[in-house]
Amino acid sequence: MSKVKKASFLVLSTALTLSLAACSGNNNNGSSASSSPDSGSSSSAGSSDVDTSKLVKISYLVLGDKPTNGQFEKVMEKVNALMKEKINVELEWQWIEWTDWQTKYNLALASGEPYDLITIGTDWLDTWANAQRGAFMPLDDLLPKYAPQTWESVSQESWQQSKYDGKIVLIPEDQYTQWVNHGFFYRGDWAKEAGITEPIKDWETIGKYLQYVKDNKPDAIPWDATTSESVWDGFVTSYTDEINPSISTGYLPIFYGKSIDDPYTITSPVYDDTFLNFATMMKDWADKGYWREDVLNNKNNTRDALQAGLSGMDQHHSQTFSTLRVQMDKKQPGSELQMFPFSRTRGNLLSTLITHGGTSVGAHSKNPERALMAYDLIRNDEEIYHLINYGIEGVQYEIKDGKRVLPEGYDETNDSFYSDFWGGRVDKFEIPTDQVWDQIGTLYQEYDSYKKPYPYGQFAFDKTPVDAELTAINQVTGEMGPAISYGKAGDPAQAVEEFRNKLKQAGYDKVMAELQKQMDAYKAMVESQG
Amino acid sequence: MLARLRSNRTLLIMCLPAIAFFVVFAYLPMPGAYMAFIQFNYSDGIFGSKFVGLDNFRFLVLTGDLWRLTFNTIAYNIAFILFGNVMQILVAVLMNELRLKWFRKVSQTLMFLPYFISVVLIGLIAYNILSYDFGLLNSVLRSLDIEPVKTYSDPTIWPFIIVLTFLWQSTGYGSIIYFAAIMGLDSEVVEASEIDGANAFQRIYYIILPWLKPTFIILLLFSLGGILKGNFGLIYNLVGANNSALYPTTDIIETFVFRALMTNFNFSQGSAVGLYQSVFGFGIVMLANWLVRKISPENSLF
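Residue numbers (full-length UniProt numbering), protein chains in the order written: chain D, 1 to 530; chain F, 1 to 302.
Some clues are possibly wrong.
Simulated DEER-style distance windows between Cβ atoms [said to hold, decoys possible]:
1) GLU77/D to VAL120/F: 33 to 41 Å
2) PRO465/D to ARG68/F: 55 to 63 Å
3) THR323/D to LEU141/F: 54 to 62 Å
4) PRO17/F to ASP65/D: 36 to 44 Å
5) PRO465/D to VAL24/F: 52 to 60 Å
6) VAL140/F to ASP241/D: 14 to 22 Å
7) VAL24/F to ASP241/D: 36 to 44 Å
8) GLN516/D to ASP145/F: 31 to 39 Å
9) ILE125/F to TRP98/D: 54 to 62 Å
10) PHE71/F to ASP241/D: 55 to 63 Å
11) TRP98/D to VAL24/F: 48 to 56 Å
12) GLY283/F to GLN505/D: 21 to 29 Å
Below, simulated EDC-like cross-link-like pairs (lysine to aspartate or glutamate); rule was C-alpha separation at most 20 Å, straight line [claimed, not checked]:
13) LYS78/D to ASP438/D
14) LYS217/D to ASP133/F
15) LYS74/D to ASP51/D
16) LYS150/F to ASP438/D
17) LYS428/D to ASP415/D
18) LYS510/D to ASP55/F
19) LYS366/D to GLU298/F
Honestly, the hints are just simulated from the structure, not real lab data.
Built from N, CA and C at the ideal position, the CB exists for glycine as well.
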């Protein structure tokens with residue numbers, strides 16, 4: 001009897017452990033792998049008139065946390081009423097929530113799901129690489145027919161910059177003024193107390209400011225930084241003439257164009273004194289206690305801390321500053337939040353890339369024609385545009401003296417609305433708002449005075465020949481970048497040396513050669529276009 | 001043969017779900033391992049993409065860290081398996097000795113609980129205890145006028161923290177299997193030993209532990225297969241994504257791959273790593289099973 005018992009017990013416990021072991025996830029041998037090869041061949045619409053008799057759902061992939069107060073649904077109801085009437089389409093937003101957005105976004109594109117419209121950004125959403133992997137549908141034949149207004153309004157030059165491998169794969173956000181250059185946000189009131197009366201224009205003065213906060217504001221951390229981003233790129237902007245061609249190498253950008261006069265020669269500030277100076281300064285700041293001792297594990301939200309008066313500084317781009325200033329004026333009255341754009345030090349600034357925002361059509365879209373028709377309306381129909389970007393007049397906003405203001409009794413929690421439509425905003429439909437700092441213009445004037453045209457608009461780096469090396473480089477910057485950027489890597493000279501060696505080992509030279517080769521070809525192409 | 005099938009019918013049916021699970025999730029996707037050898041393109045699909053041979057494995061060896069990573073991963077897993085099983089057996093045996101029923105239930109539940117706490121939360125709790133400026137530990141140390149410790153920049157203490165956290169989290173759950181095994185022990189045997197005058201220690205040493213041996217070996221063999229698969233969730237959340245000061249002792253294959261592929265999302269390279277881990281794990285299981293067969297043949301898996 002005990003034999004049977006023993007055997008049955010063995011079987012049972014085997015089954016139990018098997019399922020336990022299996023639950024803990026050992027299926028990374030490509031279980032996520034079955035996108036059928038039925039790519040974008042559905043664009044054979046043929047005859048001239050479009051059949052809109054059938055109602056179709058068009059999905060739009062956007063980045064952001066799904067709104068939860070019900071306002072979004074109300075607005076979309078209105079939008080869809082108009083959409084149905086005009087082209088018999090129902091729009092549906094698909095949100096990529098901010099937590100791990102990069103992974104989720106790429107996964108969504110990789111899944112083979114039939115997304116119709118997709119938010120893209122060549123400098124932050126890895127659009128060229130996704131185009132290379134075949135995530136988007138070529139639009140050359142579809143655009144003139146199904147999105148005629150957009151097709152007309154975007155210049156040929158801008159379409160040129162929207163091509164991958166000779167085919168248009170995206171619609172650029174080319175008629176919208178925005179500045180996404182980064183800088184430090186510091187408190188004007190504290191700076192004044194510290195004896196800094198002029199607008200800050202270099203990192204040394206920022207250091208002086210932080211020291212003042214450290215010495216005089218016991219409740220605040222001078223800069224309650226987190227290591228999710230490095231300010232290395234800002235340092236390069238401030239202290240060299242080099243410009244960033246957005247070659248993704250993970251945590252730290254490594255490859256830069258030499259200068260605006262010679263943008264096609266690739267160089268790396270990591271291998272000259274710039275990087276050592278940066279590392280040394282950050283080590284100095286860390287040692288002086290401008291941020292937390294265990295900054296590398298800090299998960300605090302810097303912006304929240306700034307608004308609560310617990311951090312003396314924050315870092316992000318001008319667009320963020322323009323609205324943050326208004327919020328700060330409310331939450332910390334008299335704080336006079338200022339921005340030190342990294343470009344100010346020596347006027348090193350490129351115009352915003354027109355493909356920083358934009359929209360593509362998914363390779364597996366079932367209704368690319370209708371999707372483009374819907375897009376054409378979002379972008380060119382004033383009523384729909386205002387609904388999608390601002391919400392319902394009288395609920396989300398009112399027009400007063402030509403400005404958007406919050407209506408009487410507006411409640412942030414119940415009434416706020418956003419759609420995160422960054423795929424084709426246009427200046428002509430924008431209404432100024434009192435939620436943006438009214439003096440932001442002076443900053444933009446400053447930018448206009450020294451901005452240079454963006455030279456890499458059509459450059460799409462083909463990574464295939466150096467895939468392994470780039471991945472290895474990604475790993476190295478991810479491994480050492482945060483510690484060096486926040487002065488936690490020990491002796492800066494030694495750390496920098498080690499970082500350089502590891503990069504070399506990972507195949508820096510090979511990537512550099514390949515990049516230069518492609519850049520030379522690009523240069524020839526640009527010059528032949530005249 | 002048929003007769004044997006019939007006589008074991010019930011047992012086979014009970015096994016069916018597990019078999020189905022493995023067919024669906026382990027055997028059917030196996031051709032996907034081919035992903036590791038191609039340059040994957042979304043629209044061409046797996047078998048339409050270009051074949052590139054071993055190219056996808058190169059990034060692993062380029063920086064020369066593979067040895068350190070493999071070592072760390074294996075060392076952690078050995079610690080997890082060894083200490084984990086010892087603790088689980090210990091707890092199960094102690095549970096069995098408890099005579100107060102309600103006390104046993106309560107303590108079992110309490111030990112069970114950590115298993116259900118998300119590792120993300122555990123990471124946060126750990127940070128709030130260990131952080132330098134505001135952590136519980138250092139606040140206590142400061143109030144006692146003892147020099148605070150910089151936990152997050154000292155790599156030597158992290159293996160202990162990680163293993164201890166693992167034990168805290170998994171002991172209660174794992175001990176259930178051993179406890180169930182002890183329950184299956186024929187009570188006549190235990191009673192007989194008591195009549196013969198065996199004390200508690202002798203009972204445990206001569207009866208219960210030998211009884212648990214086959215279970216232990218099975219669990220051991222299973223966990224050996226995953227010896228190259230690190231406990232990513234736990235380590236990533238405890239150490240954080242950016243703290244390279246701790247990497248010498250905490251970096252495992254998964255965290256390395258996460259850093260490398262997080263921003264550029266290359267499926268093929270990811271599959272390559274998965275394949276490396278699986279092949280390595282397969283080798284280890286075969287080896288371990290061979291060893292077991294040499295030492296105590298009746299306990300080997302096959």
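Each hint, compared with the structure:
1. GLU77/D to VAL120/F: 33 to 41 Å: With a Cβ separation near 36 Å, GLU77/D and VAL120/F satisfy 33 to 41 Å, so the hint holds.
2. PRO465/D to ARG68/F: 55 to 63 Å: Violated, at about 28 Å.
3. THR323/D to LEU141/F: 54 to 62 Å: Cβ of THR323/D to Cβ of LEU141/F: about 42 Å, so the range 54 to 62 Å is violated.
4. PRO17/F to ASP65/D: 36 to 44 Å: holds (38 Å)
5. PRO465/D to VAL24/F: 52 to 60 Å: Violated, at about 38 Å.
6. VAL140/F to ASP241/D: 14 to 22 Å: Taking Cβ atoms as reference, VAL140/F and ASP241/D lie about 52 Å apart, which means the hint is violated.
7. VAL24/F to ASP241/D: 36 to 44 Å: At roughly 58 Å between Cβ atoms, ASP241/D and VAL24/F fall outside 36 to 44 Å, so the hint is violated.
8. GLN516/D to ASP145/F: 31 to 39 Å: This hint is violated: roughly 60 Å between Cβ atoms.
9. ILE125/F to TRP98/D: 54 to 62 Å: Distance hint for ILE125/F, TRP98/D is violated at roughly 23 Å.
10. PHE71/F to ASP241/D: 55 to 63 Å: With a Cβ separation near 45 Å, PHE71/F and ASP241/D fall outside 55 to 63 Å, so the hint is violated.
11. TRP98/D to VAL24/F: 48 to 56 Å: Since TRP98/D and VAL24/F have Cβ atoms about 33 Å apart, the given range 48 to 56 Å is violated.
12. GLY283/F to GLN505/D: 21 to 29 Å: holds (28 Å)
13. LYS78/D to ASP438/D: violated (31 Å)
14. LYS217/D to ASP133/F: holds (16 Å)
15. LYS74/D to ASP51/D: Violated. LYS74/D to ASP51/D sits at ~28 Å, over the 20 Å cutoff.
16. LYS150/F to ASP438/D: violated (46 Å)
17. LYS428/D to ASP415/D: At roughly 26 Å apart (the allowed maximum being 20 Å), ASP415/D and LYS428/D break the hint.
18. LYS510/D to ASP55/F: OK: LYS510/D and ASP55/F at ~15 Å, within 20 Å.
19. LYS366/D to GLU298/F: Between LYS366/D and GLU298/F the Cα gap is close to 59 Å, so the pair fails against 20 Å, i.e. violated.
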